[in-house]
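Work the whole structure out from these sequences, hints included.
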Amino acid sequence: MSNRIINWFRFGSPQAFYPLAGKMVPWFFALAVAFGVAGLWLGFFVAPTDATQGEGYRIIFVHVPASWMSMFLYVVMAFWAGLGLALNTRLSSMMASAIAPTGALFAFLSLWTGALWGKPMWGTWWVWDARLTSELILLFLYLGFIALQAAIDEPRRADKAGAILALVGVINVPIIYFSVKWWNTLHQGASISMTKAPSMAITMLWGMLVMALSFWMYSIAVALVRARAIILERERHTDWVKHAVE
Amino acid sequence: MQWNSVGEFFAMGGYAFYVWGSFGVTAVALAIEPLLLRKRQRDVIDSLRRERKADERQGTGA
Amino acid sequence: MRQSLAADLPATAAEHAGLGALSVLVAVIRRDLLLAMRRKSEVLTSLFFFVIVVSLFPLGIGPEMALLRIIAPGVLWVAALLAAMLSLQRLFAADYADGTLEQMVLSPAPLGLLVMGKVAAHWLVTGLPLVLIAPLLGLQYDLAPQALGILMLSLLLGTPLLSLVGAIGAALTLGVRGGGVLLSLLTLPLYIPALIFGAGAVEAEISGLGAAGHLSLLAALLALSVFFAPWATTASLRIALE
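Residue numbers (this note's numbering), protein chains in the order written: chain A, 994 to 1239; chain B, -1 to 60; chain C, 12 to 253.
For the record, the hints were derived by calculation from the structure and aren't laboratory data.
Heads up, some of the hints might be wrong.
What the hints assert, rightly or not - Capping the alpha-carbon separation at 16 angstroms, the derived lysine to aspartate or glutamate pairs in EDC-like fashion look like this:
| hint | chain 1 | residue 1 | chain 2 | residue 2 |
| --- | --- | --- | --- | --- |
| 1 | A | LYS1235 | B | GLU6 |
| 2 | A | LYS1235 | B | ASP41 |
| 3 | A | LYS1235 | B | ASP44 |
| 4 | B | LYS37 | A | GLU1226 |
| 5 | A | LYS1235 | B | GLU54 |
| 6 | A | LYS1235 | B | GLU31 |
Laid out in structure tokens, this is it:
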């Protein structure tokens, strides 16, 4: 029993984590592809044509999962960063830094696909509705985290400063979302909210869920790959790294 | 299955530009990110190997 | 002169216990105000920035009063945000440069209290002037007297909030290259709720709906940040000074 506990903590060191992550990466990419194929099949061949939006609504099968992932990854990133701050572990902070660019990418994709969905449906490339506006602010929060860490040369200070920023951000995200919703409902009048999805057939919901799973597996795989690169870069002066690249 | 032909599938009921623009950019982004990371990994390993060679040369030279 | 002012801070635990928290707070505020008065130009620059930015919008958009009346709350609040943000760099930079900040971190007085003092002084010097001059600028946009009153009230509640939250960003970016712009990138998203409720309050007053809801939310945000922002700021300062 105590052996198993010790084993898990062992992977808290970059040296032990590096090979473990390397072995896990292909599996997560495989899962991402599998779920992706299933999700696309559901989205294009099972989900019916929508009554009001025709075939154009199918964009939700990437737009909504990308939004979900961008928000989920921010929380996960803040969790790892907070853990690294509280326990003073390097690897947790590296994990947070590894997640950030992928989260930002999904935030961008959410905005991009949102624009392409909005243009044919509601006439403009951008709509200042609550969800899209909050997504834009989330992208700014990601970029701020990345920029702050990039600007600080000393890695441990960058880790900790980023952690504070991420924790402040994660507390602020609900406040920001609430205030943007408030702003939006007060100003909306009769305009349609672009985030009101078509009344969902069950197959549409399943399609979104499976695509979200695919994006989640992909995010794990990519974060592990990035974490490995970060480990090599930051631990380059240790013996194990010098031997690992032989 | 509701597509009567491949052409219909690609036309997406007139929304082809928007649907494929979305799925296309997403696919490209999710392909480029791992590729960029592969390059990053290789760059680190290359620079580490170069450092080791420099160290060895210094070792034998001194 | 700066060093002797730093010596005004309680140097020993005994002194500190004797003085009490309020006196420490007042000592810090007094010191920062004195220093600010010596550099009046710094104080006035953010005020003039506020005035100039507010004057830019009609120049860019056109002088029709009907349009200006509509955009007034947003423009005035955004200008206040930007002015507040520009002044944030000065919050810790001078003390950081001459070592006083390290003294503060090492002093037996709770760092949170010292931070509150600095933020309070910062607000008195950069935020309060905005509150006082805003009604004049509101007249440039033909705002009604009740709207001007709500504008002042919303800024009175909002500018301390901006100073408190901005202090976190200022502490995080201490001595970091690209500091000013980076500080803006970090802080502006966090300012958005204040902007929405602050400008919204004035708009609600103009449209007859009443500003009470917006102002209460703004006050709630202020209360939250009074409790939590100093913690985040002190943690950030300790990280910056390690």
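Okay, the hints, checked on the actual structure:
Straight-line distance between C-alpha atoms of LYS1235/A and GLU6/B comes to about 56 angstroms, which puts the hinted pair past the 16 angstroms bound. The hinted pair formed by LYS1235/A and ASP41/B meets the criterion: a straight-line CA distance of about 14 angstroms does not exceed 16 angstroms. Straight-line distance between C-alpha atoms of LYS1235/A and ASP44/B comes to about 11 angstroms, which keeps the hinted pair within the 16 angstroms bound. Annotation: proposed proximity of LYS37/B to GLU1226/A holds, straight-line Cα distance about 13 angstroms (limit 16 angstroms).
Distance check on the hinted pair: LYS1235/A and GLU54/B sit about 12 angstroms apart at the alpha-carbon level, within 16 angstroms; holds. Among the hinted pairs, LYS1235/A with GLU31/B is inconsistent with the structure: their alpha-carbon atoms are about 26 angstroms apart, more than 16 angstroms.
In this structure, the earlier hints numbered 1 and 6 are contradicted, and the remaining ones agree with it.
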